[in-house]
Amino acid sequence: MAIEWYLVLSALLFGIGFAGVMIRRNPVVILLCLELMLSAGALAFLAFSRMLGNQDAQVMVLIVLVVAACEVVVGLGLVVAMFRRRLPLNVDEMKELEG
Amino acid sequence: MSAATWAWLVLLFPLLGSLVIGFGFRVLSTRTAGLLGIGAVAVAFFCGIGALVAIQGEPSDSRYVASSLWEYAAVGNFKIDLGIYVDPLSVYMVMVVTGVSTLIHIYSYSYMKSDVGYHRFFSYLNFFVFSMLVLVLAGNFILLTVGWALVGFASYALISFWYRRQTATDAGMKAFVINVLGDVGLYLAAILIFSQLGSVDYETVFARAPEVFTTNEWTIVAICLLLMVGAFAKSAQMPLHTWLADAMEGPTPVSSLIHAATMVTAGVYLIARTHPLFDLAPTAADISALVGVITLLVAGTIAIAVTDLKRIIAYSTMSQIGYMIVGVSIGAYSAGLFHLMTHAFFKALLFMAAGSIIAAMANMQNIDRMKGFGKAMPFTAAMLVIGALALAAFPTTSGWFSKDEIIDYASFRGGIYGLMATAMLIGAFLTAIYSFRIVFRILPGPPCDEAQHLIDTGEVVHGKPVNPHTLEPEDTDVGYPGSEHHIAEQALGMKIGMSVLGFLALVGGVLQIPGVDEVVFNFLEPTFADSELSHIHPSTSESWLGLGKGAAISVAGLILVWFLYMKRPAIPPALVRRLPHVHALLVNKWYFDELYDFLIVNPVKGLGRFFNEFIESDLINGLTRGTVYLVRTAGAGVREIQTGLLRSYAVLMLFGVVAIGLYFLIRSI
Amino acid sequence: MLNSILWTPLIFGLIAMLVPKRLAPWTAGAGAVITLALAIAVLAGFDPDGGMQYVVDTEWISGLGIDYSLGIDGISVFLVLLTALAWVPAIAFTALRGVERPGLYYFMLAAGETATLGAFLAQDLILFVLFFDLMIVPFYFLFGIWGRDRDGVTVQSATLKMIVYTLIGSLLMLVGAIAVGVIAADGGPLTFSIAELTEKGLPNGSQNWIFWFFAAAFLVKMPAFPLHGWMPDSYRAAPVASLAVFSAVLSKVGAYGFLRVVLPIMPDATELFQTAMLVIALCSIIYGSFMAFTRFDLRLILGFSSVAQLGFITAGIFALNESGSEGAVLQMVNHGLVVVPAFLVVALIAERTGSEQLGPMGGLAKRAPVFAVIFLIVTMATLAIPASANFIGEFFILNGIWQTDVAIAVIASSGVVWAAFYALRMYQRTMHNPLPDDADSREISLRDALVVVPMVACVVVLAFSPQLIVHSSEPAVAENVVSVFDDAKAGTEGEYVASAGAGERADGGENHGSEAAGETGGNGEAGHGEASQ
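Residue numbers (the numbering used here), protein chains in the order written: chain A, 1 to 99; chain B, 1001 to 1669; chain C, 2001 to 2533.
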């Protein structure tokens, strides 16, 4: 099977994830979409690993997975904190860092 | 003991006195403090006699000793010792300074009795004597500068002795700053001397100078001109004279000691001391003589017009120092120094008498209000008359012998000096006029209120304490004059000081009578032996002819003043009315203060404002503000991107990543 | 020995932070006193002709050729002593008054002492730069935390200004220092030892730009016109005791840097820019004096008077002869000795009148004769009255400049007159003149007197014998300056000197010069060629 299909799938996943990040305002959904984008990256790595026949890229995938897990922990923690303070779960309204 | 040891002792005692009185101000009673002060200076005087005897014991061609305590500072071949130089000239000055100081200390003991700052006064006064002795005994130009500046400091401290009077502190500051200007002249002179001669010790400098310099070479003229800046600032010669009249804000004994008898004559001493240099620079010496002549004339005219008793005497001091400066500049060294001594006698006496009268007037100094003190205060009046006679060079008084000797010498040298002699004769006439003006304005006539009060009750008037110039109310605590006023008739100390000086002012002339004895000349001869000018000597008959001229002028002045103030008292006011501009010019001291305000003070202030308002706030702060502005503006541009919207950041990031990716992609193709 | 001098204050400062608040001043004070004792011991064992002494030299970052190398010679020995001396009254003065968060305060003060001592002791260029930059850090906090908003100047803006100015200078210097090392190594092994760098020398072209990188840092620190923009605000905001040491000692590090680093390592550039530096110094003298006598804030008067005095010192250094440099070394010590009591007196005045402005005060001498005399001595030393050691310093400086350029010497000497004016104005308007009703003329307390008087006593003692300092520092100055610059100018000292007396010394100088030339190789010869033209 040609590598192109994997890459196309990866690109599609990435596109969907990115579109989600752009369109949705709920931080939980945005986190979901981010996971999607990370998985897309991981998929591309795996495809290249298979194509080149070495295992380096698989190490990267493991790292990506770990990072993704951490990111979800922090992100969900933030969401819980926002929820507790009864802040609206809407990323557009949280722009205190505006310059 | 050697002369050097005596000289060190001379220095030691006034310093000790100053320190003991200064540190013991809480412990010592006022009486003890005063006696300590007098004692310290008196002991110094006796040590001075010791030095005198010791140095006279040497053969006349080696009558000098240089002695050094320790190395003061030495860099490379620039070596400065803490050293003194004892020769007839310095011993002569030591005798004059300590002698007159002792008498003035005794006078002050009574005069300042009720002043709250009594300890401070005597501590400063002793310190002044110490500094003055450092000045005259110094063995090199650096130590000379040290003494020079320390007397300036003592003068400042004593002018602003009544330090809560703003007029006094301002006067002190003016005196100090002008004197520092003179100090700078000395610094530069010392530097130039070192760069040319490789030493600042008197001995080496004077020995090498004739080898290195040719006559009137520009360097030696520059050195002498710089020395003259120092001399003129200290001796209140034009154009650096404006501080002296204001210095009269100090207590009267201070005016008497510092601003008449000793410190202000330091310039004369300096020129006499550096005569080997001035002999090599006749141009500078002539300029110096010319300045002396101009000063003596200008100061004389001012003294005729002003009405503040102490200021009249102050201008007279300037004028008399003018004579001395002319004397030592044209080569009449011993005559100039002799006049220095007699002037110390009679001018100190005049100030003391004036102090007594001012005390009787409850610190008022305007002679317009003084009348009839001849009857009220006979002793003071007698002393005032003696002082005035000597000042006016009345025949047989000390001033007659000393002043006319300078004039004789000048006319004997002829040429331009003959012209100077004529000018000095005119000056002598002015001197006679203002001296007798003081006498005839104050002593005769119906007593004024204060004098009448003194005659009636035998007590001095005690008015409300006020500043005599601004009439601002004062109290009598420390920083202002004390509550009591003391006059010579009722205070033993004042009487002693004045009568001794009165005696000296009358008969001091016997030291130097042409053809009879020439004590001063012979004593100073070893110091000036190397100068050709000092060997020029008018003959005895010429000297007596000069003395006759001087006597005639003095008597003429006496008669004129007597006529104006006793016979026709209407004339002087009429003169003032007829010549308002001349009178205004003289009363305003030829507008020198105004001129300096215009030429120096205001431009300096303006420059200060310019620095403050333009450079500091616009340029220096502008540098900082400009940087801040630059950073802010740049920041404002970038800030627009910081929207705080998560999604815009994400887009930007994507674009960034894509851009980087494209860049590598394109490069790899 | 030098290690213990250097680190004692910091260690005691750390302890001060840990002990109970009550003991903090005692701990810091003990540290300062021990440091002072050590510094005195160093001076006692100091041999004026011994060159660099008490040397500590350990490899630190070997890959970069950076050594931890300390040493003391005639130029730095009195500055070290001054530093150790100045910190004692500063700590004592604060201890008598108390301070918020004492542990931190004394730690910062002590850290400042260690950094300053380090700058004076360092014999490695990078170490010097490091300590030079570290100095500002504790003072940033001292000024920032314990400072006060005054006259519309906020502490934040003042300290920010100070740190930005200083850091720009410091960064330029860091670049310069690295460049010196790299260029001097010329592909070989790196070294930053000042002595070795002096020997190796730098090519002419690079000296010229590196010179200004160093000069920027030093001129800001002094401060010199026109780089003094940070000074007025910081001086107004700072707490007075730390300001006293800051003004007395830290400003000297700048001048010291010229003597220690710039002159030996960049002799050709120094000679090239001599006139420019003299003009900067002259501007500082005139500008500082004028500002000092138009300002009313006592701190600013002292600050601007420091600008003028440091101008004199810079001028002395850049006279590039023995007299000028020796005068500068002497004057650094004198000025430091005078400034500490001056600032403490200002604080005492402020306690009595509630103000540091000249306008609404006066007559304080009325009930306080001792206080007035102390201030009078300080004033007179500030205006360098002859008989004070300051006079000898200024005199040697003027003498040095005179040998270089008569016109500049004459203009600079006017600074003496201006100094008389601003110093006396300050004294007169505080101690003299009518006493306002709300001012409290109170005698100095015994405890305060014990803090202030020792420094004043040093001033008085030095007045009797400036030779104490001159004697010990002269050989080092001669080695650092004369051997490099003076032989070219020997001719200007006057025929008489050259022909008589000074023959020996002149010969010695020449020998020195030729040795140095031999050692520095080609570069030294180039320098000589230029000098003889």
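Where hints are given, some of them may not hold.
Short derived list, chain B residues pointing at chain A, Cβ under 7 Å [stated by the list, open to error]:
#, residue
1, P1526
2, R1647
3, L1652
Taking lysine to any residue and the SDA-like style, the derived pairs with C-alpha atoms no more than 20 Å apart in a straight line are [unchecked claim]:
#, chain 1, residue 1, chain 2, residue 2
4, B, K1174, C, F2046
5, B, K1174, C, I2040
6, B, K1549, B, E1525
7, A, K95, B, G1608
8, B, K1605, C, L2376
9, B, K1174, C, F2421
10, B, K1464, C, G2359
Worth flagging that the hints you see were computed from the coordinates, not collected in a lab. Just so you know, even glycine gets a beta-carbon here, dropped at the ideal spot from N, CA and C.
Interface hint outcome for P1526/B [beta carbon to chain A under 7 Å]:
91 Å, violated
Proposed proximity, F2421/C with K1174/B (alpha carbon, max 20 Å)
Given that 20 Å is the threshold and the Cα spacing comes to 9 Å, the pair holds.
Is the straight-line distance between the alpha-carbon of K1549/B and that of E1525/B 20 Å or less?
Answer violated: K1549/B to E1525/B is near 27 Å, above 20 Å.
Proposed proximity, I2040/C with K1174/B (alpha carbon, max 20 Å)
Not OK: K1174/B and I2040/C at ~42 Å, beyond 20 Å, violated.
For a C-alpha distance cap of 20 Å, please report whether K1174/B and F2046/C respect it.
Violated, because 46 Å separates the two Cα atoms, which is more than 20 Å.
Hey, does the R1647/B contact hint survive, CB to chain A under 7 Å?
6 Å, holds
Hint check: K95/A vs G1608/B, CA-CA at most 20 Å. Holds or violated?
Since the Cα atoms of K95/A and G1608/B sit roughly 52 Å apart, the hinted pair is violated (cutoff 20 Å).
Holds or violated: K1605/B and L2376/C, Cα atoms, limit 20 Å.
Given pair K1605/B, L2376/C is violated - Cα atoms ~25 Å apart, limit 20 Å.
Under 7 Å is the threshold here; is the Cβ of L1652/B close enough to any Cβ of chain A for the hint to stand?
Since chain A brings no Cβ nearer than about 12 Å to L1652/B, farther than 7 Å, the hint is violated.
Assess, step by step, whether the Cα of K1464/B is no farther than 20 Å from the Cα of G2359/C, and give holds or violated.
28 Å, violated
Going through the hint list in order, the structure does not satisfy hints 1, 3, 4, 5, 6, 7, 8, 10.
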